[in-house]
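Novice: Here is how the chains run, residue by residue.
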Amino acid sequence: MTNQEKRKNIAILFGGRSVEHEISIITGLQLIKAIDTEKYCPIPVYIAPNGKWYLGDKLLDRNFYKNMPKSLSSVHEVVLLPIPDIGGLAVLQANANALPNPESYKGKDIIAIDLYFPAFHGSYGEDGCIQGLFELANIPYVGSDVLSSSIGMSKYHCKKLVEAHGISVLPSILISKEEIQKNLGHNLANVRSKILKTKDFDKFPLFIKPATLGSSIGIAKAIDEPSLDAALVQAAKYDTAVIIEPCLDNKIEINVSVLDQGEITASVVEIPVAAAGGELTYEDKYMRGGSKKSGDLSQSGMANLARIIDPQDLDPSIKSLAQENAVKAYKAIGCSAAVVRIDFMLDLNSNTLYFNEINLLPGSLAFYLWVKSNPQMLYTDMITKLIEQAEARHILKLSTLREIGFKALFK
Amino acid sequence: MNTIKIGKSDGYPLIMLHGWGQSLQSLKPLAELLGNYCQVHLIDLPGFGQSPLPEADWNTLQYAEAIFDYAQSQGLKQFDILGHSFGGSIAIRLASQHEKAINRLVLIGARGLPRQSKFTQKLYFSFVKYLSKLVKLTDKILNCQIYEKYFIAKFGSRDYKNASPGRMRNILVKTVTENTIASAQKILKPTLLLWGEDDTETPIYMAQKYHELIKNSKLIILPAKDHFPFNDVGSHLCAHYILNFLSADNQKKQFQIQAEAKHNATV
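Going line by line, the protein sequences match chains A and B.
Residue 5 is where the first sequence starts when you use the numbering used here, and the numbers rise one by one after that.
Residue 188 is where the second sequence starts when you use the numbering used here, and the numbers rise one by one after that.
Just so you know, these hints were derived from the structure itself, not from any lab.
Please note that a few of the clues may not be correct.
What the hints assert, rightly or not - Pairs of lysine-lysine, DSS-like flavour, derived with a Cα cap of 30 Å:
id, chain 1, residue 1, chain 2, residue 2
1, B, K376, A, K43
2, B, K402, A, K10
3, A, K376, B, K192
4, A, K43, B, K215
5, B, K405, A, K389
6, A, K43, B, K396
7, A, K323, B, K195
8, A, K12, B, K396
9, A, K43, B, K405
10, A, K43, B, K402
11, A, K164, A, K198
12, B, K305, B, K376
13, B, K320, B, K341
14, A, K241, A, K186
15, B, K192, B, K405
16, B, K376, A, K10
17, A, K376, B, K195
18, B, K320, A, K389
19, B, K215, A, K376
20, B, K192, B, K287
21, A, K10, B, K405
22, A, K12, B, K405
23, B, K361, B, K215
Next up, chain A with everything else stripped away, as it sits in the complex (with noise of 0.2 Å):
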């Protein structure tokens, strides 16, 4: 291979401590199909839903997961560390029969890696927990900070803000497990009336989610007292609090992508199709289609979703309309070398469109919208793009000052 010493290795980190552990490996290996291999060399790296994390060429093969736990011994144990300029990851554990073979590191407990790549979705991955480590470590790394990445995984706290930049959001109630808890032995009764007494929400149907995870998980429509309690338990199940939205009786759900090119540009728009009508569920996102040829992974994750992209019988200024606003949260949001999508709902009835949430790690990294944008984008060109962005904001960080000094104590 030519330019093989110049190539940048590239970490692509999956899996995770989330519900959407699977969807994050879909997406992963994806991800490594599709990446330039002339310009860098991806290397995988799994986190088990135990929190540890692996290195080697055989989590490139699905059967690895099928064969967990015994598979791990196929791989080397890694971390890594908050410290800032190590330059990798820590080897924890080297397995003699892993590929890249421990040969190849020899004398060194550090394997080089000069930048960092996520894919993971949800919980610890997506909400700002992993960023805070890459920013610790000091190291160049894709997708959106610290800050950016815990508001917009917060259903209720990223609406308040786009609402403060002018963007329409449906209302919202948030409510804290620990409320839910409580009032158990009293059939939720406060709850419930807390609830039923806002504003906007005196009238069934009302939507209850989890207030921070994605993928429909949690998800439930309350249509009377008995479902929403039902509902509101189901919800918090899942996550410390929940989130209660009036629900659209006439809506369709419509998407955009938006990516950090140097400029801040946006995909086409999709409509996202539900199985039995109404609202997506994790099994219209990810199981519809029954059984898949195994390796077949661009027709895995979102991408398999079905779904009508820039629908043509779709109002122009919605459409434009989307584009707009989501560059708009993404830049209120403040995403930075990052590729989102962000769920709009648009109300039938009056003809409003809603800003519903943001996705900070997009199944698929909604690859299959940029496909089809004008012009078109290659899942491989994003790819670079992404590096080639995180690496710039690395070095803008890098040239901000911070002085370290012992002067205050010995003045």
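Got chain A; can you put chain B on it based on the hints?
Specialist: Relative to chain A, chain B alone:
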């Protein structure tokens, strides 16, 4: 021949040829990505997909002539050609026979070079060959079908089993042993070789050999990809390299034309 056109009608024409046992469908996802820049012609090779059987037991030269005739019928004076596997060896034949018609070549896991087999493998192959003759003879004498029923199931290659008995099997036997070295050596046009590092059907030593044989060639080896590097999201990676190759060459050409014009102007 069954063909479909994809992409920009005013783009530079690109003819895409699929591999053995495949059809134009196998290259369609890649074609759709290239279609934003090229006028893609996807062809079901005779005997595959929805195209009828060729009228005789063709070799790759005859296949190449059929493709050339198609290009003529479409009014394509010059075009780019992409060939995968079996389609790759046809593309090589076409480029060596009709040099002027071909602008640039893209070869993905192209067939046409002899396999470097170990002594034990060679021994096994000749054993199978003689056994097949013996079984066929037995069938003839005893009027039975041991060959068709048992021999092929046990010893036939995947391609052979998939080929319908008769013409397509004859063509397979004929083309699989063809050697395109002399044709490849004749190619002077810019050529991109895209090869999966883990390709077991046309291993990468074949890519390196083609790289030596074709003077103006660029080789890109794709790590962790097999004989079908354009499958799944690999289509994006392949399209990236193909479009880079095609556009870089376009720019170079543009530059040459400008330089020549300048030169002519000063003279």
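Novice: Each hint needs a verdict: does it hold in this structure or not?
Specialist: Okay, the hints, checked on the actual structure:
{"no.": "1", "hint": "B:K376 / A:K43", "in the structure": "26 Å, holds"}
{"no.": "2", "hint": "B:K402 / A:K10", "in the structure": "25 Å, holds"}
{"no.": "3", "hint": "A:K376 / B:K192", "in the structure": "19 Å, holds"}
{"no.": "4", "hint": "A:K43 / B:K215", "in the structure": "26 Å, holds"}
{"no.": "5", "hint": "B:K405 / A:K389", "in the structure": "24 Å, holds"}
{"no.": "6", "hint": "A:K43 / B:K396", "in the structure": "24 Å, holds"}
{"no.": "7", "hint": "A:K323 / B:K195", "in the structure": "25 Å, holds"}
{"no.": "8", "hint": "A:K12 / B:K396", "in the structure": "28 Å, holds"}
{"no.": "9", "hint": "A:K43 / B:K405", "in the structure": "16 Å, holds"}
{"no.": "10", "hint": "A:K43 / B:K402", "in the structure": "24 Å, holds"}
{"no.": "11", "hint": "A:K164 / A:K198", "in the structure": "20 Å, holds"}
{"no.": "12", "hint": "B:K305 / B:K376", "in the structure": "34 Å, violated"}
{"no.": "13", "hint": "B:K320 / B:K341", "in the structure": "15 Å, holds"}
{"no.": "14", "hint": "A:K241 / A:K186", "in the structure": "14 Å, holds"}
{"no.": "15", "hint": "B:K192 / B:K405", "in the structure": "27 Å, holds"}
{"no.": "16", "hint": "B:K376 / A:K10", "in the structure": "29 Å, holds"}
{"no.": "17", "hint": "A:K376 / B:K195", "in the structure": "14 Å, holds"}
{"no.": "18", "hint": "B:K320 / A:K389", "in the structure": "59 Å, violated"}
{"no.": "19", "hint": "B:K215 / A:K376", "in the structure": "15 Å, holds"}
{"no.": "20", "hint": "B:K192 / B:K287", "in the structure": "23 Å, holds"}
{"no.": "21", "hint": "A:K10 / B:K405", "in the structure": "18 Å, holds"}
{"no.": "22", "hint": "A:K12 / B:K405", "in the structure": "22 Å, holds"}
{"no.": "23", "hint": "B:K361 / B:K215", "in the structure": "27 Å, holds"}
The structure shown violates the earlier hints numbered 12, 18.
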